[in-house]
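Please put together the full structure from these sequences, using the hints given.
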Amino acid sequence: MSATDIDRLFDELLSRRSLFKDRRVLSIDYVPDELPHREKEIARLATILATALRGGRPSNVFCYGHTGTGKTAVVKFVLKKLFEKARSRNLKFKAAYVNTRIYNTPYRALYKIAEELGIRGIPKTGLAVADVFEKVKREIDRFDCLTIIVLDEIDYLVKREGGNDLLYQLTRINNMLSRSQVSLIGVTNDLRFRDFLEARVLSSLCEETIVFHPYTAEQLYDILKQRAALAFVDGAVEDSALRLIAALAAREHGDARRAIDLLRVAGEIAEREGADCVREEHVWKAYEEVERDLVSAAVSGLPLQEKLVLLAIALLSRSKRQITTGLVKHAYEKVCAALGVAPVSHRRLTDILNNLETLGLISCALVSLGRYGRTKLIKLEVRPKDVISILARDPRFAELVSQIRF
DNA sequence: CTTCCACCGGAAGTACCGGTAA
DNA sequence: TTACCGGTACTTCCGGTGGAAG
75 MSATDIDRLF DELLSRRSLF KDRRVLSIDY VPDELPHREK EIARLATILA
125 TALRGGRPSN VFCYGHTGTG KTAVVKFVLK KLFEKARSRN LKFKAAYVNT
175 RIYNTPYRAL YKIAEELGIR GIPKTGLAVA DVFEKVKREI DRFDCLTIIV
225 LDEIDYLVKR EGGNDLLYQL TRINNMLSRS QVSLIGVTND LRFRDFLEAR
275 VLSSLCEETI VFHPYTAEQL YDILKQRAAL AFVDGAVEDS ALRLIAALAA
325 REHGDARRAI DLLRVAGEIA EREGADCVRE EHVWKAYEEV ERDLVSAAVS
375 GLPLQEKLVL LAIALLSRSK RQITTGLVKH AYEKVCAALG VAPVSHRRLT
425 DILNNLETLG LISCALVSLG RYGRTKLIKL EVRPKDVISI LARDPRFAEL
475 VSQIRF
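Residue numbering for the first sequence follows the numbering used here, beginning at 75 and increasing consecutively.
Derived by calculation from the structure, the hints in this document are not laboratory data.
Quantities reported herein were computed from a predicted structural model and do not represent experimental measurements.
Any given hint could be a false lead.
Said to hold, decoys possible - The list that follows gives simulated cross-link-like pairs (lysine-lysine, DSSO-like), each with its CA atoms no further than 27 Å apart:
#, residue 1, residue 2
1, K166, K209
2, K211, K186
3, K154, K168
4, K211, K154
5, K299, K394
6, K453, K408
Following this line, the structure appears as structure tokens:
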């Protein structure tokens, strides 16, 4: 391509009218001024937290519901409004928001709490958890005000060792504070989460419970319409496209986050193609792309051995129908041999399989074959060719993928 | 009724890494 | 420097276990 060609390309791209008015509206952490169809939940949480405006300590709250049902948005929204109200009444309180899927160990969660509260001098690693907890506790007491701690995706913390301990300490912290008070808000997608909570934590963490039900397709449509009006220029999205996104997301247990993601990607595709508006065809393309990106994000972050196990499963699912643990082990060892990598123990393999399951890449079902033992039936939950093509980007695997057959 | 397959998964421990405090 | 911290990836050992076959 010559210099003048590039010049012309730039000119052409610049002269195109952008479909977007404000892209940020479609980002994951955007909190809108209105949350349609969540009025009841907002009122409920606001009622509980309003105690703070009267100088009391709100009960600990526990929110649960599927992904993308507005839990995080509602919590952030109500806290924002509470801050505004408090400021107008000259009241002080502090809040920390921690996503424990990212800050997924007791130390890291504590570190993030400290950071959110503006407590400095805590290193990312190297100290004992108990010491850090003491320091955070002391600093919170020095605030001399109510402190609200939001623990989002709290199930990721609880399922880790030491997670219950931290939670227990946090629920008991008020007994150790003299000037400040702490309220906790726990948020989770996992509906069976309570099973993992120890009894000593359960009762105090779940003083109040708010359940978030999935959005229906019509409700998702309303949400999309609201966001589209803010994010796109007038007439840049066809109504049928919004309906399609709503229908697709409703199928995924009413996941609004997924819907908004789909809208954003569909918009980007339409713009890339130079279309004058977002149509159903762009939504379908976006659907594919979002799916692939999800897989790609999950797969590329995996450690080597987990990649190899996943590769073995992907290669197996091209041909065999029923995949058992034994079969996976066999295939995995063949893959290892071909690469000159030492395979891990069987015990480790079961952990890897469980991990791949929690990531949603595979699903497992324990079955008993009587005389013929007891095993797990393993099913790849994503397209084998996606997994293989993503892993084949690694030059170490590229050759192998074309060679091995089962 | 008992056997026994082909696994599961808890417990405890090791090696290593990147970090802190004294 | 040394002792210690949390965290990940992995090991070895071992006590289960559902249900068809015998």
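Any hints from earlier that this structure breaks? Give me their numbers in increasing order, please.
-> Violated: hint 5 alone.
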